[in-house]
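Peer 1: I would like the entire structure built from these sequences, with the hints used as guidance.
Going down the list, the sequences are from chains A and B.
Going by my numbering, 120 is the number at position 120 of the first sequence; the sequence numbering is gapless.
Going by my numbering, 99 is the number at position 99 of the second sequence; the sequence numbering is gapless.
Hints are computed from structural coordinates only; laboratory data are not their basis.
Treat each hint with caution, since some may be false.
[To be verified] Below, computed lysine to aspartate or glutamate pairings styled on DMTMM-like, alpha-carbon distance capped at 20 Å:
1. Lys132(A) with Glu107(A)
2. Lys87(B) with Glu109(A)
3. Lys87(B) with Asp24(A)
4. Lys132(A) with Glu152(A)
5. Lys87(B) with Glu128(B)
6. Lys132(A) with Glu110(A)
7. Lys132(A) with Glu85(A)
8. Lys87(B) with Glu143(A)
9. Lys132(A) with Glu143(A)
10. Lys132(A) with Glu109(A)
11. Lys87(B) with Asp126(B)
12. Lys132(A) with Glu66(A)
13. Lys87(B) with Glu110(A)
14. Lys87(B) with Asp28(A)
15. Lys132(A) with Glu80(A)
16. Lys132(A) with Glu96(B)
17. Lys87(B) with Glu149(A)
18. Lys132(A) with Glu149(A)
19. Lys132(A) with Glu86(B)
[What the hints assert, rightly or not] Incomplete in silico selection of chain B near chain A, CB under 7 Å:
20. Val60
21. Ser61
22. Asp65
23. Leu66
24. Val69
25. Ile70
26. Arg71
27. Met72
28. Phe85
29. His94
30. Asp132
31. Ala136
Bear in mind that the values here come from a model prediction, so they are computed numbers and not experimental data.
The beta carbon of each residue, even a glycine, is placed where N, CA and C say it ideally should be.
Here's the letter readout for the chains.
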Amino acid sequence: MTISRMHVIGVALLLGGCSGAPLDLSLDEQVAERRAVQTRSFAGRDRIEVIIAASGALRDLGFIVEEIDDELGLVSAVTERNISEPGNQLLQFGLLLLTGQLMAMPEREELWVSMLISESPQRDVYITCERKIWNDDGLLVVESSGRVEQAEFYQRLFDSMSTALFVEDEL
Amino acid sequence: MTMKLTLMDSGWVLVAVLLGGCVAQPSVSLEMEDSAVQVRSYQSRTYEGVAVTTVMHAVVSTLQDLGFVIRMGDARLGLVSASRFEKGRLGAAHGELLVTATVREISPEHVEVRVNARLGMQPVEDPEPYRDFFAAVSQALFLEHGAVPAKAGG
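Peer 2: Structure below.
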């Protein structure tokens, strides 16, 4: 009996998977680039004012603020929304007819945001966000879940903060 | 309708009760193993000549650099909780990586940071991720405040 090279590689990969990938907590090369996108300075602003603007901006965008610590300069918030598209059921039905299998579609999204407001006079606001998506069968969509890196997302949050600060100034 | 138990039935009931008793009940274990002291030593670092709030800020920003979302932070208690979704690679299961960090002043000149990580149900006991984490915190302290880290362990 001969065992092909592909079989050996396949078994090695499976066994490798069983041991689990090593956990990595080292900084990667993109950290400075990411930090630049996810940070904006609100120089000259009072720290409490910025914290209030941050929580206001998050609420404007549909988040629920879960945690605020003014001494640390931390704001954490979460939001959940339905992301199922109106045509999904029709598409599911079409695919069911074609393939005989019911295909799961994205249904629910959860976003967690944390903002760190610096003590320094630059008043840097550093945001991180994580997203999780679940299909309509209740299963987590692993490949679409994880760190949010789209610059537009952070841009929108910062713009919303600027608006909140502007509104506060006008009051 | 009445039901009479025969001797045979009673025997089966007794066997069932006895076997039921054999089913292991999960016990609450709070025993500290010898290795816990060793684990604690690489989960801790002491920083010298830097304020506790500065270290706390460096810990939080480092967690953010590593892609964590800060779930809870209390400067007065020196406590931070954060999470990061870990995608399984090479067939490894995905899960939530949870980190708790405590930052406390142990003397007027020294601040101790202790970090615990758990991936899903499993505590992270490999020293390497902790070493990498503290290297990143030291870098943040050095770049932002010119502080020099002291030593591993409490």
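Peer 1: Against each hint, give a clear statement of whether it holds in the structure.
Peer 2: Hints versus structure:
no., hint, verdict
1, Lys132(A) with Glu107(A), "holds (11 Å)"
2, Lys87(B) with Glu109(A), "holds (17 Å)"
3, Lys87(B) with Asp24(A), "holds (12 Å)"
4, Lys132(A) with Glu152(A), "holds (18 Å)"
5, Lys87(B) with Glu128(B), "holds (19 Å)"
6, Lys132(A) with Glu110(A), "holds (5 Å)"
7, Lys132(A) with Glu85(A), "holds (17 Å)"
8, Lys87(B) with Glu143(A), "holds (8 Å)"
9, Lys132(A) with Glu143(A), "holds (10 Å)"
10, Lys132(A) with Glu109(A), "holds (6 Å)"
11, Lys87(B) with Asp126(B), "holds (18 Å)"
12, Lys132(A) with Glu66(A), "holds (17 Å)"
13, Lys87(B) with Glu110(A), "holds (16 Å)"
14, Lys87(B) with Asp28(A), "holds (16 Å)"
15, Lys132(A) with Glu80(A), "holds (9 Å)"
16, Lys132(A) with Glu96(B), "holds (11 Å)"
17, Lys87(B) with Glu149(A), "holds (16 Å)"
18, Lys132(A) with Glu149(A), "holds (13 Å)"
19, Lys132(A) with Glu86(B), "holds (11 Å)"
20, Val60, "holds (5 Å)"
21, Ser61, "holds (6 Å)"
22, Asp65, "holds (5 Å)"
23, Leu66, "holds (6 Å)"
24, Val69, "holds (4 Å)"
25, Ile70, "holds (4 Å)"
26, Arg71, "holds (6 Å)"
27, Met72, "holds (5 Å)"
28, Phe85, "holds (5 Å)"
29, His94, "holds (5 Å)"
30, Asp132, "holds (4 Å)"
31, Ala136, "holds (5 Å)"
No hint from the list above goes unmet by this structure.
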